[in-house]
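One-letter residues, chain by chain:
Protein chains: 2
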Amino acid sequence: KPPDETDNANYFCEYAFLYHQMDMLEDEPRTGAYFNAITWNPESFKDKVVLDVGAGTCILSMFAAKAGAKEVFAVEATDMAVRSRKLVQAQGLSHIIKVLQGTVETVTLPSMVDVIISEWMGYFLLRESMLDSVLIARDRFLKPGGALFPSHATLFLAPVGSAKACREKQQTFDGERQHFDNFNCTMMQYYGTDFSCMQEEFLEEQRKYYLQTGMFVNLAPKQLAGSGSPVLEIDLSTITLQDLKDSAKPLRCCMRISRDSQLEGFTGYFNVTFRGSTQNPVKEVVELTTAPTTKTATHWGQQLFGFFPPLQAKNEDVLECQLFIKRQKKNHRLLQLDSAFELCRESNGKRFVCQKREDTWYVD
Amino acid sequence: KPPDETDNANYFCEYAFLYHQMDMLEDEPRTGAYFNAITWNPESFKDKVVLDVGAGTCILSMFAAKAGAKEVFAVEATDMAVRSRKLVQAQGLSHIIKVLQGTVETVTLPSMVDVIISEWMGYFLLRESMLDSVLIARDRFLKPGGALFPSHATLFLAPVGSAKACREKQQTFDGERQHFDNFNCTMMQYYGTDFSCMQEEFLEEQRKYYLQTGMFVNLAPKQLAGSGSPVLEIDLSTITLQDLKDSAKPLRCCMRISRDSQLEGFTGYFNVTFRGSTQNPVKEVVELTTAPTTKTATHWGQQLFGFFPPLQAKNEDVLECQLFIKRQKKNHRLLQLDSAFELCRESNGKRFVCQKREDTWYVD
Ligand SMILES: Nc1ncnc2c1ncn2[C@@H]1O[C@H](CSCC[C@H](N)C(=O)O)[C@@H](O)[C@H]1O
Ligand SMILES: Nc1ncnc2c1ncn2[C@@H]1O[C@H](CSCC[C@H](N)C(=O)O)[C@@H](O)[C@H]1O
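Protein chains in written order, with the working numbering: chain A, 1 to 364; chain B, 1 to 364.
If you're looking for bench data, these hints aren't it; they were derived computationally from the structure.
Wrong hints could be hidden among the right ones.
Put simply, identical chains are the same to the list, so a pair is met inside one copy or across any two.
As the list claims (entries may be wrong) - In silico lysine to aspartate or glutamate, EDC-like type, Cα no more than 20 Å apart, as pairs: (1) Lys330 to Asp79; (2) Lys330 to Glu5; (3) Lys86 to Glu200; (4) Lys329 to Asp4; (5) Lys283 to Asp235; (6) Lys329 to Asp364; (7) Lys330 to Asp4; (8) Lys70 to Glu233; (9) Lys86 to Glu204; (10) Lys245 to Asp139; (11) Lys249 to Asp359.
Next comes chain A alone, as it looks inside the complex (with noise of 0.2 Å):
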């Protein structure tokens, strides 16, 4: 299935600037990451045939040949193949790396790959479902026993303490009751008209909007109340394209407030890890995580989502969470979180649940 109209309109469009294409690979640690886990680890490109999957400006693609790949090839659904092509051949490893314009669902290769090599997160992990398109390229084209360059991910969830971002929302989304009625004042003044009946949907449109939209943030550690918790590990080399899809089964995680604290949210971040195969597992395991950090941040930054109003937690509480990731259905590289929060206390022995909250957010 070649990718829709819609879909080059929304999505594969942007991936033909340079200038987005410069944002990633000005992003060192994970530019920097890549390159380590490839160059670090020549045993497991020497003489091997190297699939780039979604390759933008084949910078992976050129590790691969650094490190001694055989051939490569490197595919790229947009226009970004004819300047990689350019590249290539301007540093000279044209006789290696051969370039592919088209998907990676519909792309016909002269042979099997030894070595899978993508960069297909997005914000959550997950957001832009591009990991899909790299299970195809697993299932069409690897041998038995090849290795995916990074062969792990994992989603952390961490409660955040405070947090500026969702205080705002709150108050912007507060101004805009305000703005509805002072909007209907002025239909009724001037025209006439009383759209009162429309202030229901106003106020679920914003607050979708202002409420349940994840947030782009660079959190520093100290904002979180307690330490992040895995709630999805992915083993690239054996997940199946249906276990990434809607899920009848919650995912859960358990995450331990080591602090008295409002908790004006929760956030989402990822790490890859790059360890080979089980058959050929690297020499040097490298790993790019996304966490808030103090250094210097990726460009995914991490995903804020605010609890509205805050959680009222204390030192040693538990925040257990239920987790459905869904895809949206009006575009299926945006995700939908369906999910439950319990915040849990001991007292006496005896645990008990003391605040709940069923939310739904989108990661747009």
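Got chain A; can you put chain B with the ligands on it based on the hints?
Then chain B with the ligands, alone, in the frame of chain A:
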């Protein structure tokens, strides 16, 4: 031809949000002009059958009902139709206004209509290409001699003296040159990859984005270096779809400069007027303008296009413009302007061209 998926994703989906409809409703010069044009001319609406093309919240339909229309067909493509049906009901107007969800290109009406009302104007008048739909509606449904509200539209160009927005774009663009150099250094140093072969294409991309894209501005009249001059005049009752589309001959206009000044760019804005039809002219002609003003601006503002570098103009110079307004290939609702400018001066009774430029701009 029903709207395709991409059009739905890129164009219509915005209009399904109440906040967007409210933005338009709260544009007092806009909504007020339609209100006046309709309710000050009840003889044009009394017992008439009306079609509202792109009804949105049905505000114009309700004005028409108020003005005495017998029946109003309110055609709206998006789900806003569901809401406006409720709104119409809440005003007790369901017996007059029939909300039909669908595009005016595909809808069927039980009868021809006496009047078409529509608010179809986009940035630079023609962005969004919704006028196409109004003309199709006219040809499908308007009785001979029937009226269009508005009936006429004029696009003006005016020379702009000093504009901070232009200087800022130039600065940002210059910053991007530096950015590329830094980027390339980093890529060489960290990853041994030389991106210089992409510099030209990167700068072209950035030039298009920063220097060749029309800017949304609200200009003050004193920023103009001369008065506006009409470049395109449309009589909605006679213009054909074919006239509207890319034409072989350029549009032309002459802008008289009224003071010595640097011309940092030119601006485009429009008027529409409500005259009724030749057979049934209105009693009270109403005009809506988006010209630079010290009063309340409309939500269209003006579009500003920069000259890089500025032109050096003198009082009484004439800025001559030849303009092709085309649709963008990738999205027919966006515009491409191919232009040729000549700055003409008279000296010792002789007229000569002191500066020339040819530019392409985009209205995105
Ligand atoms: N199914 C698919 N087939 C081919 N290319 C795809 C794809 N899905 C996404 N892409 C491409 O994958 C790229 C992801 S961004 C990563 C680019 C590059 N590998 C780097 O690390 O810098 C984009 O250029 C996008 O156009
Ligand atoms: N071809 C078409 N058929 C039906 N509706 C259309 C259309 N093209 C645009 N529209 C709708 O036209 C509206 C234009 S905005 C104007 C809304 C309203 N008449 C008002 O004046 O406030 C949008 O709601 C859009 O969805």
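Hint-by-hint comparison with the structure:
1. Lys330 to Asp79: Cα proximity of Lys330 and Asp79: across copies only (14 Å, versus 26 Å in one copy).
2. Lys330 to Glu5: both (14 Å within a copy, 11 Å between copies)
3. Lys86 to Glu200: The answer is between: 13 Å across copies meets 20 Å, while 55 Å in one copy does not.
4. Lys329 to Asp4: both (15 Å within a copy, 18 Å between copies)
5. Lys283 to Asp235: within (18 Å within a copy, 75 Å between copies)
6. Lys329 to Asp364: For Lys329 and Asp364, the Cα distance is within 20 Å only inside one copy (12 Å; across copies 27 Å).
7. Lys330 to Asp4: both (13 Å within a copy, 14 Å between copies)
8. Lys70 to Glu233: neither (32 Å within a copy, 64 Å between copies)
9. Lys86 to Glu204: Between copies only: 16 Å across, 49 Å inside.
10. Lys245 to Asp139: For Lys245 and Asp139, only the intra-copy Cα distance (16 Å) is at most 20 Å; the inter-copy one is 48 Å.
11. Lys249 to Asp359: within (17 Å within a copy, 58 Å between copies)
The structure shown violates just one earlier hint, number 8.
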